[in-house]
Every structure is written in C-alpha cells, then in structure tokens.
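Use the sequences and the hints to build the structure in full.
First to last, the protein sequences are chains X and Y. Letter by letter, the first sequence follows residues 1 to 416 of the working numbering. Letter by letter, the second sequence follows residues 417 to 838 of the working numbering.
Bear in mind the hints are in silico, worked out from the structure with no lab data behind them. Only a predicted model underlies this, so the values are computations on that prediction, with no experimental measurement involved. No incorrect hints appear here.
Here's a subset of chain X near chain Y, in silico, CB distances under 10 Å, partners left out:
#1 Leu124
#2 Ser140
#3 Gly270
Glycine is no exception: its CB is placed at the ideal position from the N, C-alpha and C atoms.
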Amino acid sequence: MSAPHPRRAAVTGIGVVAPNGTNTEAFWKATMEGVAVLDRITRDGCEHLPLRVAGQIRDFDPPAAIEERYLVQTDRFTHFAMAAADLALDDAGLGRSDTDAAPFSVGVVTAAGSGGGEFGQRELQQLWGKGSRFVGPYQSIAWFYAASTGQISIRRGLKGPCGVVASDEAGGLDALAHAARAVRRGTDVMVAGATEAPLAPYSMVCQLGYEELSTVDEPDRAYRPFTTAACGFVPAEGGAMLVVEAEGSARERGVPVRATLAGHAATFTGASRWRESREGLAQAIRGALDEAGCAPEEIDVVFADALGVPEADRAEALAIADALGPHGTRVPVTAPKTAVGRAYGAAPVLDVATAVLAMEHGLIPPTPNVFDICHDLDLVTVRARAAEVRTALVLSRGLMGSNAALVLRRGAAGAS
Amino acid sequence: MRRRVAVTGIGIVAPGGIGVPAFWDLLTSGRTATRGITFFDPSGLRSQIAAECDFDPAAHGLDAEQIARSDRYLQFALVAGAEAIQDSGLDLAAENPWRVGVSLGTAVGGTTRLEHDYVLVSHGGQRWDVDHREAGPHLHRAFSPSTLASAVAERFEARGPVQTVSTGCTSGLDAVGYAFHTIEEGRADVCITGASDSPISPITMACFDAIKATSPSNDDPAHASRPFDARRNGFVMGEGGAVLVLEELEHARARGAHVYCEIGGYATFGNAYHMTGLTGEGLEMARAIEDALGQARLDATAIDYVNAHGSGTLQNDRHETAAVKRALGAHAYETPMSSIKSMVGHSLGAIGAIEVVACALALAHQVVPPTANYETPDPECDLDYVPRVARERRLRSVLSVGSGFGGFQSAVIMNLPREKTE
Numbered sequence: 001m002s003a004p005h006p007r008r009a010a011v012t013g014i015g016v017v018a019p020n021g022t023n024t025e026a027f028w029k030a031t032m033e034g035v036a037v038l039d040r041i042t043r044d045g046c047e048h049l050p051l052r053v054a055g056q057i058r059d060f061d062p063p064a065a066i067e068e069r070y071l072v073q074t075d076r077f078t079h080f081a082m083a084a085a086d087l088a089l090d091d092a093g094l095g096r097s098d099t100d101a102a103p104f105s106v107g108v109v110t111a112a113g114s115g116g117g118e119f120g121q122r123e124l125q126q127l128w129g130k131g132s133r134f135v136g137p138y139q140s141i142a143w144f145y146a147a148s149t150g151q152i153s154i155r156r157g158l159k160g161p162c163g164v165v166a167s168d169e170a171g172g173l174d175a176l177a178h179a180a181r182a183v184r185r186g187t188d189v190m191v192a193g194a195t196e197a198p199l200a201p202y203s204m205v206c207q208l209g210y211e212e213l214s215t216v217d218e219p220d221r222a223y224r225p226f227t228t229a230a231c232g233f234v235p236a237e238g239g240a241m242l243v244v245e246a247e248g249s250a251r252e253r254g255v256p257v258r259a260t261l262a263g264h265a266a267t268f269t270g271a272s273r274w275r276e277s278r279e280g281l282a283q284a285i286r287g288a289l290d291e292a293g294c295a296p297e298e299i300d301v302v303f304a305d306a307l308g309v310p311e312a313d314r315a316e317a318l319a320i321a322d323a324l325g326p327h328g329t330r331v332p333v334t335a336p337k338t339a340v341g342r343a344y345g346a347a348p349v350l351d352v353a354t355a356v357l358a359m360e361h362g363l364i365p366p367t368p369n370v371f372d373i374c375h376d377l378d379l380v381t382v383r384a385r386a387a388e389v390r391t392a393l394v395l396s397r398g399l400m401g402s403n404a405a406l407v408l409r410r411g412a413a414g415a416s
Numbered sequence: 417m418r419r420r421v422a423v424t425g426i427g428i429v430a431p432g433g434i435g436v437p438a439f440w441d442l443l444t445s446g447r448t449a450t451r452g453i454t455f456f457d458p459s460g461l462r463s464q465i466a467a468e469c470d471f472d473p474a475a476h477g478l479d480a481e482q483i484a485r486s487d488r489y490l491q492f493a494l495v496a497g498a499e500a501i502q503d504s505g506l507d508l509a510a511e512n513p514w515r516v517g518v519s520l521g522t523a524v525g526g527t528t529r530l531e532h533d534y535v536l537v538s539h540g541g542q543r544w545d546v547d548h549r550e551a552g553p554h555l556h557r558a559f560s561p562s563t564l565a566s567a568v569a570e571r572f573e574a575r576g577p578v579q580t581v582s583t584g585c586t587s588g589l590d591a592v593g594y595a596f597h598t599i600e601e602g603r604a605d606v607c608i609t610g611a612s613d614s615p616i617s618p619i620t621m622a623c624f625d626a627i628k629a630t631s632p633s634n635d636d637p638a639h640a641s642r643p644f645d646a647r648r649n650g651f652v653m654g655e656g657g658a659v660l661v662l663e664e665l666e667h668a669r670a671r672g673a674h675v676y677c678e679i680g681g682y683a684t685f686g687n688a689y690h691m692t693g694l695t696g697e698g699l700e701m702a703r704a705i706e707d708a709l710g711q712a713r714l715d716a717t718a719i720d721y722v723n724a725h726g727s728g729t730l731q732n733d734r735h736e737t738a739a740v741k742r743a744l745g746a747h748a749y750e751t752p753m754s755s756i757k758s759m760v761g762h763s764l765g766a767i768g769a770i771e772v773v774a775c776a777l778a779l780a781h782q783v784v785p786p787t788a789n790y791e792t793p794d795p796e797c798d799l800d801y802v803p804r805v806a807r808e809r810r811l812r813s814v815l816s817v818g819s820g821f822g823g824f825q826s827a828v829i830m831n832l833p834r835e836k837t838e
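Right under this line is the structure:
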C-alpha cells in the first residue's frame with residue numbers, strides 16, 4: 001500500500017484571501033508574526049446577535065478583483081473563490097493561454113459549507129417581503145454550494161473534472177484529496193480549495209445552534225484552544241485555493257514542486273461526539289501516514305484542528321499521541337487559525353497553504369492568544385519557531401462528525 | 417488487480433409511490449406523478465406544478481424525534497437508506513465500520529427549513545437584522561449541507577469516509593461516482609450512496625421561475641413534463657431520495673449477496689461555458705461518456721440503453737441528443753434513450769441517484785422505462801426516446817447521464833456482472 005503513486009500530486013500555486021491578508025505575502029507575514037485579527041462583528045444587521053466576534057475580511061475590494069458581470073451573479077463566498085483561484089493560477093504561472101491549450105486537463109474542486117448566505121438572504125427578503133416576481137435571475141446560481149466551482153470553471157475556461165464536496169470543516173482536506181486523486185487518475189492540473197462567507201445576519205443566526213460556538217465578546221479571549229480558558233470557536237470568512245498538479249506536468253513547465261499531497265484519510269465518528277473523535281482522528285492520521293509511506297517520527301509539524309472546546313481539545317491531543325506515539329508529545333504543534341477564526345471548510349485549506357509556506361521559510365508560525373497549555377503537546381505559542389519542515393500533518397474535524405488528516409511532503413519529495 | 421464495484425441494495429422515495437416496487441410499477445406503467453402543488457399556495461408563480469411525494473415518515477419507521485430534527489430531504493434519505501440496507505442483506509454490525517463509507521448528494525439540502533425559519537426570524541421578510549429568538553432548534557442542521565451524509569452515517573454506523581456531494585443537478589450521479597471511486601481505490605469496502613432533495617418550496621420554485629426553466633403548463637400538470645417532445649416547455653420540479661449500497665465485488669460474493677449490477681465507470685467534466693446555458697454541440701458530456709466507457713473498458717456499441725438527463729427544457733434535450741450522438745456515433749440511433757423525469761419530475765440533486773436506481777432495475781428486469789408524454793417529434797431530437805410504453809430488451813450495459821447548473825456534465829455506466837476476469 002505504501003508504494004509511491006505513479007503520478008504524484010504537487011502543490012504549484014497558492015492563493016489566499018483571509019482576514020489577516022488578501023494575498024499570500026500579506027497572509028504569511030501576519031501569520032508568521034502571530035498577528036491576531038479577530039474582531040467585533042461590524043456587519044450591517046448583526047449588531048444585536050449574541051455572536052460578537054469573528055474573523056472578517058476588511059480589505060478585499062471585489063470590483064478590483066472580479067469583473068462586474070461575475071460580481072452581480074455571485075455571493076461573497078464565490079467572490080473570494082474566484083479571487084483566490086486567480087492568485088493561485090498566477091502563482092503557478094498558469095495563464096489563460098496555457099489552460100486554453102488543454103482545457104480538459106484542468107479541473108476545479110471546492111469544498112463548501114456556508115453557501116451564498118448573503119445573496120440568499122437578500123432574495124428571501126425579496127420573495128417574502130415583496131413577492132415572487134421580485135426574486136432575481138441569479139438566486140438559482142448564487143446560493144447553491146456549487147457556485148464557486150462552476151464560476152471558476154467558466155471564468156477561467158477550465159473543462160476538466162469539476163467537483164464540490166460539502167463535508168464539514170474536514171471537507172476542505174477532502175477537496176484537496178479529491179484533487180490529488182483526479183491528478184493520479186490522469187488530470188494534469190486541479191484548482192482546489194475552499195472559501196466561505198458565513199457572516200450574513202441570517203447565516204449567523206443559523207450558526208447560533210452550534211453548541212461549540214464561542215459567544216465571548218472580547219476578541220483576545222474568544223478562541224483559545226488547548227487552554228483552561230477554551231470556550232468554543234469563532235467563525236471566519238475567506239479561504240484559499242491551491243493549484244494541485246501532476247509532478248511531471250510541473251517539471252515539464254519548469255515550475256517548482258513546492259510540496260506534494262502525499263497521504264490523506266477521512267473517518268466519521270458522529271456529530272459533536274468529541275470524545276469519540278479521538279479514535280476517529282487517530283485512525284485518519286494512521287491512514288494518511290500509511291498512504292504517504294511516512295513514519296510518525298518523520299512528521300516535523302502538526303497543524304491542529306484546535307476546536308477550542310475542552311473535550312474536543314483533549315480528544316485531539318490524545319489522538320495525536322495515539323497515532324504518533326512518543327513523537328506526539330515532542331513534535332511541534334501549531335494552530336495559526338486562532339488569529340483569524342475558523343472559516344469552516346476553508347480552515348484546513350488555509351492550514352495547508354500555511355504548511356507549504358512554513359516549509360519554504362523554515363518557520364513554524366505561532367498560535368496567537370493561546371498561553372498556558374493544559375495538554376501534553378508542544379504547542380508553538382507567542383512567536384514563530386525556526387525549524388526544518390520536510391513533512392507536515394494537517395488535521396481537521398467537522399461539527400457534523402468528520403475527521404480528516406493530510407500529509408504534505410516538501411518539494412519534489414526527494415524520497416522515492 | 418482492479419477492484420470491481422457491485423450494487424447490492426437499492427431503496428427509494430419517489431413521487432408516485434414509496435419504495436422500490438411502487439417506483440418500478442410507476443416507471444413501467446408510464447403513468448406520471450406530476451400535479452398541482454399542494455405543499456403551499458403557489459398562486460403568483462409562473463410554474464405551479466410539481467411531482468410531490470405522498471410521504472408519511474412515521475409510516476416508514478421514523479420516530480417522532482427523528483422526524484422533528486430531520487428536514488424532509490433527510491427523512492427521504494433515512495427511509496431509502498433503510499430499504500437499501502435491508503435489500504442488500506448486509507449485516508452492518510458484522511462489518512468493520514472504518515471500511516464503510518457514505519457518499520450522498522444534494523443540491524439544495526436544507527433550504528426548505530432554512531426558508532421556513534427565515535420567515536419567522538425576518539417577520540415575514542420585513543427585516544434584514546433578523547431576530548434569532550424566533551429560530552427553531554434544528555436550524556443549524558439545515559444550514560450545514562454535511563448534515564445529509566452525517567445523519568445517514570450515524571443511523572447506519574458508518575465510520576469510514578463520509579461525504580456530502582453538492583454539484584447541483586449532477587449531485588446524484590456524482591455522489592454515486594465518488595462512492596464507486598472510493599471502493600475502487602480501496603478506501604472502503606462498502607459505501608452507502610445516493611442523493612436526496614426536497615426543493616418544492618416557495619424560494620426554490622421562485623428562483624427557477626425567474627429564469628423560466630420550469631414548465632408553465634399549470635392547466636395540465638399530468639402532461640407537463642415532455643422531454644424530447646417538440647412541445648416541451650421546461651422541467652417540472654420533483655422531490656425524492658434514492659440510496660444504493662455499493663460493495664467491492666469479492667466482498668459481496670463472499671457473503672453470497674445478490675448483485676444487481678456493477679458500476680463500470682464514472683466521469684464528469686465542466687463545459688466552462690455558462691452557469692445555466694448549454695452549447696449545441698454537447699462536447700463535454702460526450703467526453704464524460706467516452707471517459708466512463710474507457711474506465712468500463714467498453715466500446716460505445718456495448719451500450720444497450722441510455723437513461724437521459726432529459727429535463728424537458730428546450731436547450732437541454734437538444735444538447736443531450738447531440739452529446740449522445742457524438743459519443744455513441746451511429747449506434748445512438750439503435751439505442752433506446754428515455755427520460756423518467758417525464759414521470760417523476762426533476763428532483764434537482766436527487767434525480768441522478770433516482771435514475772441510477774432506475775437503471776439497476778432496468779438491468780434486473782430487462783425492461784427499458786419509457787418517456788411519458790412523448791408525442792410530437794422535434795427534428796433536433798431524432799433518437800429513439802421510447803415513447804410512452806415500457807419496452808422489453810436485452811440489457812447488459814447501460815449509461816446514465818446528467819447535466820447541471822455550473823456547466824457540469826456527468827456519466828455513469830452500469831453493467832450486469834460478467835464472469836470473465838480482467
């Protein structure tokens with residue numbers, strides 16, 4: 001089972017639109033410096049809700065990034081997706097003429113959890129406030145979860161395999177794994193990732209039912225996983241798209257293989273059954289290591305799920321120990337998402353982007369707002385830590401019960 | 417050696433009757449289950465018709481708590497899932513739960529409850545700053561699309577890869593395709609797959625009204641869904657759920673399971689053209705068919721039946737006819753191709769899985785379901801659409817295709833098991 005895949009899936013481009021940076025450089029700088037940007041929610045119509053803190057994107061100007069005809073027919077989550085896809089394709093050196101030369105060789109897969117909530121709320125208000133004649137022609141294509149994959153495919157002329165997974169937070173890793181499998185099956189390039197926009201008033205009302213949600217109103221205290229002050233998670237918007245490419249295709253184009261998606265596995269242990277997620281997450285880690293042909297000791301950093309719920313944090317710390325053995329308490333663990341919040345399916349995709357950047361810079365970014373760890377983990381806090389990162393493990397769990405693990409290898413994976 | 421994937425159980429909730437026997441009876445009778453909308457007052461809408469399920473969840477084994485916390489589309493999936501598991505004869509308690517996966521599709525998921533609670537919190541669409549105190553206790557489950565696969569995995573205690581697939585109107589085919597690849601690639605031995613949607617709600621009807629995609633034949637609902645007919649004027653909304661048990665073939669044989677058929681190939685491509693528009697050429701759907709044929713190691717001439725997307729919109733049926741001719745060549749003219757949407761409507765994300773179940777039954781019974789309401793030929797749609805009457809035919813390999821918003825084009829190939837080893 002651990003034989004190397006004949007077509008390895010490489011990361012050749014990264015595009016980030018996040019609360020702490022709307023391009024990859026700004027995102028990495030803020031992440032490395034541990035700048036926390038969680039803030040009081042200032043969206044129109046949200047002032048009165050008992051959810052006060054989130055990771056909001058403030059410096060994204062949609063008309064500067066996206067043509068008017070695409071803007072009018074899409075929700076904010078798709079604006080982020082289109083912009084992030086552009087950044088990733090540019091980063092990979094793939095221009096329109098490259099993809100037009102072989103459109104069936106380039107596909108798109110996204111994970112989606114929030115859908116087009118702001119657009120949807122506006123049209124629901126038209127329908128129920130005024131009447132069915134006032135519902136606009138774009139509601140049918142803006143609200144649904146497939147909007148981002150479809151619009152990226154159309155706007156960039158990409159005719160390869162198109163997919164949409166909606167499997168919780170962990171779906172972000174599933175989408176990347178889906179892309180890696182498409183590459184192994186013969187597609188040259190996949191544009192893959194997730195973006196979310198869950199901060200419209202009605203979307204926030206929908207999230208209030210999650211018992212794991214933090215309702216603390218001080219931004220520095222609202223999301224503090226692995227501490228005795230853990231009080232739940234904070235939602236965020238934004239995300240990342242990556243270019244996942246056959247290693248041979250990257251070599252032919254003369255672009256660097258920045259990392260390979262070496263192993264992935266996903267399991268399910270039930271919605272909000274956090275104690276049971278220990279076994280599920282450990283099982284996912286073992287599966288991902290096995291597919292990557294990777295020994296536990298080879299893992300140089302773990303990007304934790306870090307839900308911020310005491311029982312879930314404990315389960316995660318124990319799962320890391322269960323699956324990695326003694327190495328589990330020695331390996332550096334980090335959760336840079338405490339700076340920006342959890343952007344649902346996009347959260348682990350941001351972590352994968354960060355992992356690739358950490359490999360390139362030899363720096364493990366810290367976990368802002370988190371001190372005094374109450375679990376047996378070497379959590380990187382306060383400031384970034386210099387380290388050679390050859391292999392990274394990214395973990396994610398979803399509120400509806402999914403667990404996933406992804407192993408990344410640096411560069412062309414010199415091994416093999 | 418390549419792992420082969422068998423269908424060993426099927427279950428269904430569809431308009432016109434709940435459960436596999438009622439569904440097959442409807443399809444082979446050529447009756448239609450389309451009618452005037454009864455779920456809400458549709459006046460003011462352009463299209464006021466739909467294929468509704470007469471579905472009583474309590475009569476199908478769901479308890480009061482399951483009913484209260486599960487949206488209608490989840491109820492469909494739970495009921496169809498129970499039928500499929502029972503049909504498969506699989507003893508899930510004896511399976512390694514980490515090797516049992518779930519892959520279910522939905523296009524609009526929990527939107528019916530999202531809309532219901534929206535009306536409460538917005539005081540009937542009057543306020544943007546919605547009042548959270550009016551929201552129901554299960555709203556968060558409607559907000560998250562992953563609730564579908566999660567609810568089914570919890571019910572049947574699957575612990576392997578569990579995912580919800582949401583590619584709009586190809587969700588059902590894609591969910592089955594993902595399940596097929598999951599088993600083929602060795603990530604699970606059993607996968608509970610299928611799709612569910614309950615889109616007959618004011619907001620979903622209104623948004624298809626806005627683009628005139630649905631049929632306005634309100635005065636004759638029984639004959640409103642007319643795929644491939646020259647007088648077709650849009651699709652008729654439907655609802656329902658279908659679940660299949662997929663199993664690695666040797667795993668199924670080892671326990672002596674009945675094998676309906678194998679999944680031979682699955683592919684999907686984007687047309688990169690328009691979110692709702694289709695080209696006349698059908699290039700991308702043809703490519704999906706060719707790719708799926710390649711996986712199944714079949715020539716185009718091996719296809720004995722095409723289960724069409726056949727939504728009954730002007731552009732879809734033309735596009736699809738062109739695509740099938742492009743992929744199957746002259747053989748397309750000798751191959752029956754029908755649309756069951758003429759009878760059960762178009763249930764968005766669910767219909768692809770409902771059509772896969774129809775294909776499994778067609779193979780089992782060696783009968784091709786008809787296209788109801790087909791009367792007047794359209795010169796641009798010149799294939800054999802099996803008008804109105806089911807047809808006996810020797811079927812070994814069948815093809816089901818789907819086309820959806822976003823430009824997605826998907827194809828699944830199903831075969832009767834052949835004993836030759838590969």
